[in-house]
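The chain contents come next:
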Amino acid sequence: MSTLFTRRNVLTGMGLLGLGLLAGCDNSPKLNFKYGKDLSDKIMGRTFKLKNTQGETVTLSSFRGLMPMVFFGFTQCPAVCPTTLARAAQAKKLMGRDGETLQVIFITLDPERDTPQILDKYVKAFDPSFEALYGTPEEIAVAAKEFGIFYEKVPAGDTYTLSHTATSFVFDTRGNLRLGLSASLTAKECAEDLLTVMEVC
Amino acid sequence: MTAVQHLKRTLIGLSLLGLAAHASAQVHVSDAWVRATVPGQPSSGAFMTVTADSDSKLLRVASPMAKDVQIHEMSMKDDVMRMGPVDSIALPAGTAVKLDPNGYHVMLMGLTGQIKEGDQVPLTLTVENAKGEQQSVEVKATARALGGMDPSNMH
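Top line first, the protein sequences correspond to chains C and Z. Add 42 to a position in the first sequence, counting from 1, and you land on the number used in this note's numbering. Add 176 to a position in the second sequence, counting from 1, and you land on the number used in this note's numbering.
By construction, these hints were calculated from the structure, which means they are not laboratory data. In this text, a Cβ means the ideal position worked out from N, Cα and C, and glycines have one as well. Accuracy of the hints is not assured; some may be wrong.
Claimed, not checked - For the chain C half of the interface with chain Z, some residues (derived, Cβ under 10 Å), not all of them:
no., residue
1, 120
2, 124
3, 160
4, 208
Please work from the sequences and hints to get the whole structure.
The following block contains the structure:
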């Protein structure tokens, strides 16, 4: 094979890439987010296996074609959990029709107190499309570890509260982890970055 | 001790008490609200702005709606939310201290029932001034929708 031929091949390849870019298609391994953290090179949260509030076993592939946004919390959380879920509901609205692809998934870190009944009513108070997942304390620990989630019980009188990581993790529609959204971002900032994830094909 | 002496002492005691009540701090509470709950949810948070006219501290809060009421502090570092009970909240003279979802808040634990949007939840705050005198402040906190955005997070 001559050097020239190889070069032509490279050029053709570049041309095809260019066409892809023209079509608004971004399949690059890295994404540029304005506010959130690019997690495209992180291998996290791929193999969680938990139950939804109907008792069905759910994995990441159950959400194929949707853009899952995973957040860990507990329903007795007074601040960051309801604030983050309300923000997610607002971001979904701000995304317009694209928002239909966003699937918010709330995973409880308090499976001893969060029953499927409470979890279901809780997440649906924010948006009827939101899903809550639960499991045994051991299954939750495995899922949390997979996402690098820190959580611990804090004694509070004769009961407890929880400290935990407040990041929302976003996958693209093919199930690749893409984006980490910090709790400090606004709904508008989240919506902008979520639309960037949607440009991936 | 004669009956007259006894009466005198009682009177002195009462007038001292009256003085104490008069000298105690004026405490103003505004924008008190609680987050509505779903059925079966055993706890919720209450938020408000507290201003005392002399250096004081908020010692405790009670409510007929909850078996146990605690004051908690939330803090964020590296996107990790840390939560835990505190003994009291300092109320520096004339400073509006915010109890909001980004910091201090009142935890209503062991709720006696579901809190629905629009409910008025009675709270009794115990505030102590620098002299160690305590006073109670009655507050009615309005329940806001669970799914609503916190005004403090609107940008």
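So, going through the hints one by one against the coordinates:
1. 120: holds, 3 Å
2. 124: Hint on residue 124 of chain C: holds, closest Cβ of chain Z at ~6 Å, below 10 Å.
3. 160: holds, 5 Å
4. 208: Interface hint status for residue 208 of chain C: holds (5 Å vs cutoff 10 Å).
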